[in-house]
Amino acid sequence: MDCGAIHHYRARRCRRCGSTRTGEDPLPERGRLVAFTTVRVPLQGYENNAPYPVGIIEFDDGTKILATITDCEPEDLKEGMIMERVFRKIADDGDSGIIIYGFKFRPVVTQGK
Amino acid sequence: MRRVYIAGASLVKVDEYWGESLDSLVSQLADGFSGLALRKIDAVYVANMLGEVLQSQANLGALVAEDLGLAGVAAFRVEAGEASGLAALHAGYQSIRAGLADTVLVLGVEKLSDASPEEAMATSSLSERYDYVGFQGVPQPAIASMMYNQYLKRFEVPQEMVAQFPVMMHEHAAKSPHSQYQFKITLESVLSSPFVSEPLRRLECAGIGDGAAAVLLCSSDALSTIRHDEVVELAGSACSTDIVFPFDREDPLRLGAASRAFEEALARAGVARRDIRVLEIHDSYSILACLLLESIGLSEPGRSGVDLKKGKYSLAGEVAVNTFGGLKARGHPAGATGVYQAAEVYLQLTGRAGECQVDGAKVGAALNLAGLGSCVFASVMKVRDV
Numbered sequence: 514m515d516c517g518a519i520h521h522y523r524a525r526r527c528r529r530c531g532s533t534r535t536g537e538d539p540l541p542e543r544g545r546l547v548a549f550t551t552v553r554v555p556l557q558g559y560e561n562n563a564p565y566p567v568g569i570i571e572f573d574d575g576t577k578i579l580a581t582i583t584d585c586e587p588e589d590l591k592e593g594m595i596m597e598r599v600f601r602k603i604a605d606d607g608d609s610g611i612i613i614y615g616f617k618f619r620p621v622v623t624q625g626k
Numbered sequence: 004m005r006r007v008y009i010a011g012a013s014l015v016k017v018d019e020y021w022g023e024s025l026d027s028l029v030s031q032l033a034d035g036f037s038g039l040a041l042r043k044i045d046a047v048y049v050a051n052m053l054g055e056v057l058q059s060q061a062n063l064g065a066l067v068a069e070d071l072g073l074a075g076v077a078a079f080r081v082e083a084g085e086a087s088g089l090a091a092l093h094a095g096y097q098s099i100r101a102g103l104a105d106t107v108l109v110l111g112v113e114k115l116s117d118a119s120p121e122e123a124m125a126t127s128s129l130s131e132r133y134d135y136v137g138f139q140g141v142p143q144p145a146i147a148s149m150m151y152n153q154y155l156k157r158f159e160v161p162q163e164m165v166a167q168f169p170v171m172m173h174e175h176a177a178k179s180p181h182s183q184y185q186f187k188i189t190l191e192s193v194l195s196s197p198f199v200s201e202p203l204r205r206l207e208c209a210g211i212g213d214g215a216a217a218v219l220l221c222s223s224d225a226l227s228t229i230r231h232d233e234v235v236e237l238a239g240s241a242c243s244t245d246i247v248f249p250f251d252r253e254d255p256l257r258l259g260a261a262s263r264a265f266e267e268a269l270a271r272a273g274v275a276r277r278d279i280r281v282l283e284i285h286d287s288y289s290i291l292a293c294l295l296l297e298s299i300g301l302s303e304p305g306r307s308g309v310d311l312k313k314g315k316y317s318l319a320g321e322v323a324v325n326t327f328g329g330l331k332a333r334g335h336p337a338g339a340t341g342v343y344q345a346a347e348v349y350l351q352l353t354g355r356a357g358e359c360q361v362d363g364a365k366v367g368a369a370l371n372l373a374g375l376g377s378c379v380f381a382s383v384m385k386v387r388d389v
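Protein chains in written order, with the numbering used here: chain W, 514 to 626; chain L, 4 to 389.
For reference, chain L alone in the conformation it holds in the complex (with noise of 0.2 Å):
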């Protein structure tokens, strides 16, 4: 099977651009590729997933292929809810896998400051079931809420074992250029913010951000006929879904679509779990960070917090956890996200994630969810020759 490379990677800051689009944002993403063969492209595939509510726009293939004066190049848009960020990085490792291309761009772009915050609210619920749940009008936080409060009443721990990994995604992002909210911010703060609906408050969900981030892929044929930045193999990519309500589950409290994706993932890539330096996870909400770390067996179910505080997911922790940020802090630009991750998992690889920098990294992995955990991508990353 061919093996799959990132072979560059480009984002701009996360933040609130009232005065840009989504062409002018890919057109700034497009700059951080000077010197890289975007000409050589075979595929560019565009993660969006809000374009037609927000933007009154769908087909961000061909708008975006224009944007990079690559109209002719194949060009589509992948929507998977908030994963399809990882969702387009899956569709470029398949297609390159497959042999179908050599060099494909994979770019997410979203624009979420268009809406207005009754409209991020309603957009933020389109990934659960509308005739069930948005019909109903209950918002997306007010399930996760449910598992939240389950959650604390089942393990019998205090909120703030939750409430610090919003506490921690500051800090990371607190030392990160890209990153929408550069400070640090205190558990007391996070604990007196006002409730979103309860337990879940104002500082434990990731806010509204615009943003976009691309990663080159290209096969180890196109390594060696265009030029390129340093390379790190995406060694794994894998899909899993579940039953979309999370009451409807056996386990509420269990992303089994989670632990399925990143257990496939790290199949392919031919890496245990252990190896694993650097991780980004989707913590829209805080207690999506306890139950993905859980689910996918780095912590015992209820243990995430006391491993968080023992420094496990720190930095020069065992694992270092969304390192510039998470949804949290990095911020979470809905389609754009799981792009971020790829890209943010590349930089440390690399060698060049800065002040943030994990000392020594040579496997990453990201875990991109849709909804609460209905559609998750995972992907596994490594330095060549490992």
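Only chain W is shown next, with the shape it has when bound in the complex (with noise of 0.2 Å):
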């Protein structure tokens, strides 16, 4: 509140000017991609998914996200696509460890596809 600086997770503190006064607002359900890849060479624990796409969503107010990109083909994406939030399976810590949930991004459907 202090900097005006917006994060994109809860913080305490805030990571620009180190002040406590923070509030919290909903994440955005949609954003614009603004860079994007493709990871050919996996982290361990995710060679499954590879090639998987990731990219850096920004939303109205100048937050950027860093985010899995899923239901689309590497070469569906384009830079200044909007894109939407989908909750989702991360990953998984072995048989027995539990499953790993969050957000990821998908273009939103247009017409004609």
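Fair warning: there could be bad hints in the mix.
[Unchecked claim] As a list, the in silico DSS-like pairs of lysine-lysine whose alpha-carbon atoms are at most 30 Å apart: (1) L:K178 with L:K313; (2) L:K156 with W:K577; (3) L:K187 with L:K315; (4) L:K156 with W:K591; (5) L:K365 with L:K16.
[What the hints assert, rightly or not] Covered stretches of chain W, as calculated for chain L (at least 3 residues, CB under 8 Å): (6) 551 to 557; (7) 576 to 587; (8) 602 to 615.
[Stated by the list, open to error] Far from chain W by the CB rule (all over 12 Å, computed), these chain L residues: (9) R6; (10) W21; (11) S116; (12) E163; (13) K187; (14) S195; (15) V234; (16) R276; (17) G300; (18) G357; (19) Q360.
Treat the hints as calculated values from the structure; they're not laboratory data. The beta carbon of each residue, even a glycine, is placed where N, CA and C say it ideally should be.
Can you join these two chains into the complex? Each is in its own frame, and there are hints to help.
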């Protein structure tokens, strides 16, 4: 609130100015794809997903978030596309471990597709 | 303020040492100091990034001290991700400047060949925020790739301008006996190597290597009392940090920590940017070489590729960059890399760089990064009385 920075994570203390006067807003449903790539050499534990696209989504307030992109092929992606937030499985921690859920983003399906 | 000198250096060839351990690499390294007064060391700072991950080994200070026959000496490990090497050098610089030590051994050691390729990829991402980046399965090269994409777009630069950096690195390494990849590569081979993540290709990334390197730091008092090798002054050392995730920064293409650390090290050394003749930079990805040279003001934004093409960064150029091949071709043994950089600048300034020698080099500098520029160390060295 003091410096006006918006973080995409819950912040007790602003990582830009150090202020503890912080508030919370809901994460927007939609944003714009500003950068992306396709992970062809994956991290350990994500081998089954590769190749997978990841990107930076920018919301109207200027906040940017890193996310995995889902429900599309890498070649469908274009910078500037409108993306929407979806709830997905991120990874699992072995046969007896917990399943990890989180947000991914997918292109908003347009007419003709 | 007390001056700090580098009074000797030792390095082993970066390679994949399947039959060696951290200890045996350290022991090989000590041979390079024959004749020097290792017995009179006040402190040992060990640079290492991944000991507990890959070798199940922490507490490398005590281990290395024992390996060198120095048990009893003050010794501990310094970890700052991939910048551990120059971080340890910085620790040594500080303790001599502060008058707490007269002789410090700064030693980097890392053994990456103990990792499977998947593990190596995971270790390359340890310097990013795990709960944001690693947790989502996003490796560090993917973030570098998105910076690379933005760079090509913003400055309307063809990829060849960036991809020629690894070509130059291999040209330099081809003449260097301690470099991992002593052969040349062509621009065509870089641009036809497989994608790691578009547009970044395999031959634009540093490989996996093991290594150990050390430099001996001394105060001016110690120079008159111990046996030492040729001497250069470690005239400035500095550190700066930045927001960890590049796209959370004001500008993901400006490495602010590099700029700040470099300026501060120059100011401490009392030298100007134009005096630097030899520069070792952290090119774990080709794009980082461009971003670094532009962030520290040696090239205009978007112009480092043009400057390289004109010969500015070759061994005979205005500022010789990565004179033994840099991270790409000398090799990148993670935590040890910064110590290699310091040792290489020392070799240049003492005229012992062999076929890689830069004529008349009197001032040199090194830049060592953790993550994608979230923690940067810079050091400036000069021949005495410059």
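Violated constraints from the hint list, given by number and in increasing order | none
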